Amino acid sequence: DVKVTQSSRYLVKRTGEKVFLECVQDMDHENMFWYRQDPGLGLRLIYFSYDVKMKEKGDIPEGYSVSREKKERFSLILESASTNQTSMYLCASSSRDRGHTEAFFGQGTRLTVV
Amino acid sequence: SQELEQSPQSLIVQEGKNLTINCTSSKTLYGLYWYKQKYGEGLIFLMMLQKGGEEKSHEKITAKLDEKKQQSSLHITASQPSHAGIYLCGADYTGTASKLTFGTGTRLQVTL
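Chains A and B are the protein sequences, given in the same order.
In case it helps, the numbering used here puts the first sequence at residues 1 to 114.
In case it helps, the numbering used here puts the second sequence at residues 1001 to 1112.
By construction, these hints were calculated from the structure, which means they are not laboratory data.
Since the model is a prediction, treat every value here as computed from it, not as a measurement.
Hints are not guaranteed to be accurate.
Stated by the list, open to error - In silico EDC-like pairs for lysine to aspartate or glutamate, Cα to Cα no more than 20 angstroms straight-line:
{"hint": "1", "chain 1": "B", "residue 1": "Lys1027", "chain 2": "A", "residue 2": "Glu79"}
{"hint": "2", "chain 1": "A", "residue 1": "Lys55", "chain 2": "A", "residue 2": "Asp38"}
{"hint": "3", "chain 1": "B", "residue 1": "Lys1038", "chain 2": "A", "residue 2": "Asp38"}
{"hint": "4", "chain 1": "B", "residue 1": "Lys1038", "chain 2": "B", "residue 2": "Glu1059"}
{"hint": "5", "chain 1": "A", "residue 1": "Lys57", "chain 2": "B", "residue 2": "Glu1003"}
{"hint": "6", "chain 1": "B", "residue 1": "Lys1099", "chain 2": "A", "residue 2": "Glu72"}
{"hint": "7", "chain 1": "A", "residue 1": "Lys70", "chain 2": "A", "residue 2": "Glu56"}
{"hint": "8", "chain 1": "B", "residue 1": "Lys1099", "chain 2": "A", "residue 2": "Glu30"}
{"hint": "9", "chain 1": "A", "residue 1": "Lys3", "chain 2": "B", "residue 2": "Glu1041"}
{"hint": "10", "chain 1": "A", "residue 1": "Lys57", "chain 2": "B", "residue 2": "Glu1041"}
{"hint": "11", "chain 1": "B", "residue 1": "Lys1099", "chain 2": "A", "residue 2": "Glu79"}
{"hint": "12", "chain 1": "A", "residue 1": "Lys13", "chain 2": "A", "residue 2": "Glu79"}
{"hint": "13", "chain 1": "B", "residue 1": "Lys1099", "chain 2": "A", "residue 2": "Asp59"}
{"hint": "14", "chain 1": "B", "residue 1": "Lys1099", "chain 2": "A", "residue 2": "Asp51"}
Can you build the whole structure from these sequences, using the hints too?
Right under this line is the structure:
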């Protein structure tokens, strides 16, 4: 059974803290993504990575950074958490070699910044 | 304005009734993906459409892509409480499926 695992389901952090959200996939996928989901705005792409140590900005990268040191792991970093980063964060992965193929999603991390 | 519009934003139907959710793109798609999300959880892949006029079915859910590849509909026949959730369409505009643009979602409630 394929899996994308996010390290936490729920997180509460204080304003100004550095926050790490971890995502691991076991499918040997090249592509990995971080989205945030907010009511009325749908899913918005923050960053994606198509290979180890490679990253590209998505639609809303401000206030975030990412790290992909190993193929299976993609980390999202909030350098200094702010209340407007309270959201549901979803990680996904997909295969490049299979061409048009669906992305597999993790269960999500609901982050609250107080 | 959104590249990908979903309608309606929310829907309440009685169990056993049929329903349709629409997804309209402002430009031609390489592929269109439908996902379902249970409240507060991750997305579950339902179907992917690539060819103009294509139609796919899984159990009581049917999805179609129009000939111009700019609009897709998701139809549920004889809805059940298990169909409740948020339905999202995702558009592949690059042709590589490496990056999807998502609609805002349709929240479906099924009443008894």
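query = Is Lys1027(B) within 20 angstroms of Glu79(A), Cα to Cα?
reply = 36 angstroms, violated
ask   = Is the hinted pair Lys1099(B) and Asp51(A) satisfied, with a Cα-Cα distance of at most 20 angstroms?
value = OK: Lys1099(B) and Asp51(A) at ~14 angstroms, within 20 angstroms.
request  = Decide if the proposed pair is consistent with the structure: Lys13(A) and Glu79(A), CA atoms, cutoff 20 angstroms inclusive.
outcome  = 12 angstroms, holds
key: Holds or violated: Lys1099(B) to Asp59(A), with C-alpha atoms at most 20 angstroms apart   = 11 angstroms, holds
ask   = Is the hinted pair Lys3(A) and Glu1041(B) satisfied, with a Cα-Cα distance of at most 20 angstroms?
value = 14 angstroms, holds
ask   = Has the given pair, Lys1038(B) with Glu1059(B), been kept, meaning a C-alpha gap of at most 20 angstroms?
value = 18 angstroms, holds
request  = Assess, step by step, whether the Cα of Lys57(A) is no farther than 20 angstroms from the Cα of Glu1003(B), and give holds or violated.
outcome  = At roughly 18 angstroms apart (the allowed maximum being 20 angstroms), Glu1003(B) and Lys57(A) satisfy the hint.
request  = With a cut-off of 20 angstroms on the C-alpha distance, tell me whether Lys1099(B) and Glu30(A) pass.
outcome  = 12 angstroms, holds
ask   = Between Lys55(A) and Asp38(A), is the straight-line Cα distance small enough, at 20 angstroms or below?
value = 23 angstroms, violated
query = Quick one, are Lys57(A) and Glu1041(B) close enough, alpha carbons at most 20 angstroms?
reply = 24 angstroms, violated
key: Given pair status - Glu72(A), Lys1099(B), alpha carbons within 20 angstroms   = OK: Lys1099(B) and Glu72(A) at ~18 angstroms, within 20 angstroms.
query = For the pair supplied as a hint, Lys1099(B) and Glu79(A), is the alpha-carbon distance within the 20 angstroms limit?
reply = 24 angstroms, violated
In the structure shown, a violation is registered for the earlier hints numbered 1, 2, 10, 11, in ascending order.
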